[in-house]
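A.B. asks: The whole structure should be built from the sequences, with the hints applied where relevant.
What follows is the residue order along each chain.
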Amino acid sequence: MTGPVLQRKIRWSGRLIVIGLVVQMLSLLWTHPLAFLCFALVGCPLVGAGILFFLYSLVSHEPA
Amino acid sequence: MQNAAIIPILFTAIVAVLGLLIAMRPELTIARGGKIFAFVALCILPVLSVWAGFNAQIERSTSTQFCLSCHVMNDFGQSLYVDDKSYLPAAHFQNNFVPRDHACFTCHTDYTMFGDYKAKWRGVHHVIVQYFGTIPKPADIKLYTPYNNRECLHCHAGSRVYEEAAPHHKTPDMLSRAASNQLSCMNSDCHEFVHDVADIGGATMWKPKADGQ
Numbered sequence: 181m182t183g184p185v186l187q188r189k190i191r192w193s194g195r196l197i198v199i200g201l202v203v204q205m206l207s208l209l210w211t212h213p214l215a216f217l218c219f220a221l222v223g224c225p226l227v228g229a230g231i232l233f234f235l236y237s238l239v240s241h242e243p244a
Numbered sequence: 006m007q008n009a010a011i012i013p014i015l016f017t018a019i020v021a022v023l024g025l026l027i028a029m030r031p032e033l034t035i036a037r038g039g040k041i042f043a044f045v046a047l048c049i050l051p052v053l054s055v056w057a058g059f060n061a062q063i064e065r066s067t068s069t070q071f072c073l074s075c076h077v078m079n080d081f082g083q084s085l086y087v088d089d090k091s092y093l094p095a096a097h098f099q100n101n102f103v104p105r106d107h108a109c110f111t112c113h114t115d116y117t118m119f120g121d122y123k124a125k126w127r128g129v130h131h132v133i134v135q136y137f138g139t140i141p142k143p144a145d146i147k148l149y150t151p152y153n154n155r156e157c158l159h160c161h162a163g164s165r166v167y168e169e170a171a172p173h174h175k176t177p178d179m180l181s182r183a184a185s186n187q188l189s190c191m192n193s194d195c196h197e198f199v200h201d202v203a204d205i206g207g208a209t210m211w212k213p214k215a216d217g218q
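Each protein sequence line maps, in turn, to chains V and G. Residue numbers for the first sequence follow the numbering used here, so the first one is 181 and each next one is one higher. Residue numbers for the second sequence follow the numbering used here, so the first one is 6 and each next one is one higher.
Rather than coming from a laboratory, the hints here were simulated on the basis of the structure. Glycine residues also receive a C-beta, built at the ideal position from the N, C-alpha and C atoms. Be aware that one or more of the hints could be misleading.
As the list claims (entries may be wrong) - Looking from chain V toward chain G, a few residues come up when the C-beta cut is under 8 angstroms (computed):
1. V185
2. I190
3. S193
4. G194
5. I197
6. Q204
7. F219
8. V222
9. V227
10. G230
11. L235
12. V239
13. S240
Claimed, not checked - Pairwise CB distance ranges (calculated):
14. G/L26 x V/W210: 45 to 55 angstroms
15. G/H173 x V/L206: 47 to 57 angstroms
16. V/L235 x G/L26: 15 to 25 angstroms
17. G/F102 x V/S240: 51 to 61 angstroms
18. G/Q187 x V/P225: 28 to 38 angstroms
19. V/V222 x G/I19: 12 to 22 angstroms
20. V/L209 x G/T176: 51 to 61 angstroms
21. G/R105 x V/P225: 29 to 39 angstroms
22. V/V222 x G/C160: 53 to 63 angstroms
23. V/V239 x G/I19: 53 to 63 angstroms
24. V/P225 x G/A144: 35 to 45 angstroms
25. G/K212 x V/V222: 18 to 28 angstroms
C.D. replies: This is the structure in structure tokens:
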């Protein structure tokens, strides 16, 4: 985990996860069906995409 | 905000801060400890956070407040306050036969292995109709399938007042037919007054004394 390309990918996966978590947090502050949909259709996919991108960046990285 | 959601919110906030730290300082991952930290912060903790949040959302979506937050459900909420004990939902709600803060879900979930999730899936369909479809009039809203006695018997089966009630012994096999769902509790001229939202306008309403609901 040392290359700048990998670090850039980690940065992006971190951003995706943080945005997803913030959406989830906001959705938990509101008792409404739309909050549930926000959680399930926006927050979860963002966090999932971030995790998958992070794992993909690890396995696709070739050390110099 | 419900108290039950405070812990998932705090946990999510902490995980988000850790994720933000990695996103702002990816060079932390150069060291061995940083690699482990990144894996925990960007993989394990977010999964736990989603799981905790999902459980909180599912729990919250069983609340009466959640069900009645769509305008079309107002009349159904009102029907819980009808001052007439022959109205089944009202009698259950007003006498605490069902928890008032989970009144809708208690009767309208399926008491099967995945019943809660099936009920929530139907709820997602309702939300889609609410925002993208044609909203029916309250009086036109019907159950997808006839009400299953299983949901009634989840609480009433085995209770003395149910099994010894004289009206439940009009015929010798009445209880067994109800148990096998051959004789509906609601559609057999027995407990036929359910929500009846079409006539809700003229009904007398019960006003709880100290209850703010």
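A.B. asks: Holds or violated: 47 to 57 angstroms for the Cβ distance of G/H173 and V/L206?
C.D. replies: holds, 50 angstroms
A.B. asks: Taking 8 angstroms as the limit, does the beta-carbon of V/V222 come near enough to a beta-carbon in chain G?
C.D. replies: violated, 12 angstroms
A.B. asks: Have a go at the V/V227 hint: is there a Cβ in chain G nearer than 8 angstroms to its own Cβ?
C.D. replies: Since chain G brings a Cβ to about 5 angstroms from V/V227, closer than 8 angstroms, the hint holds.
A.B. asks: Under the criterion of a CB-CB separation shorter than 8 angstroms, is V/G194 in contact with chain G as hinted?
C.D. replies: With Cβ-Cβ at 3 angstroms, under 8 angstroms, it holds.
A.B. asks: Using the Cβ atoms, figure out if V/V239 sits within 53 to 63 angstroms of G/I19.
C.D. replies: violated, 27 angstroms
A.B. asks: Quick one, is the V/S240 hint okay against chain G at 8 angstroms, beta carbons?
C.D. replies: violated, 15 angstroms
A.B. asks: Per the hint of 35 to 45 angstroms, is the separation of the Cβ atoms of V/P225 and G/A144 within bounds?
C.D. replies: The hint (35 to 45 angstroms, Cβ to Cβ) holds, given that V/P225 and G/A144 are roughly 38 angstroms apart.
A.B. asks: Is the distance from the Cβ of G/K212 to the Cβ of V/V222 consistent with 18 to 28 angstroms?
C.D. replies: violated, 41 angstroms
A.B. asks: Do the Cβ positions of G/Q187 and V/P225 conform to the proposed distance bound of 28 to 38 angstroms?
C.D. replies: violated, 45 angstroms
A.B. asks: When the nearest CB of chain G is found for V/I197, is that gap smaller than 8 angstroms?
C.D. replies: Where the cut-off is 8 angstroms and the nearest Cβ of chain G is about 5 angstroms from V/I197, the hint holds.
A.B. asks: Hint validation: V/F219 versus chain G, beta carbon distance must be below 8 angstroms. Holds or violated?
C.D. replies: holds, 5 angstroms
A.B. asks: Can you verify the interface hint for V/V185: is its Cβ closer than 8 angstroms to any Cβ in chain G?
C.D. replies: Violated - the Cβ of V/V185 stays beyond 8 angstroms from chain G, reaching only about 11 angstroms at its closest.
Consistency note: the structure conflicts with the earlier hints numbered 1, 8, 12, 13, 14, 18, 22, 23 and 25.
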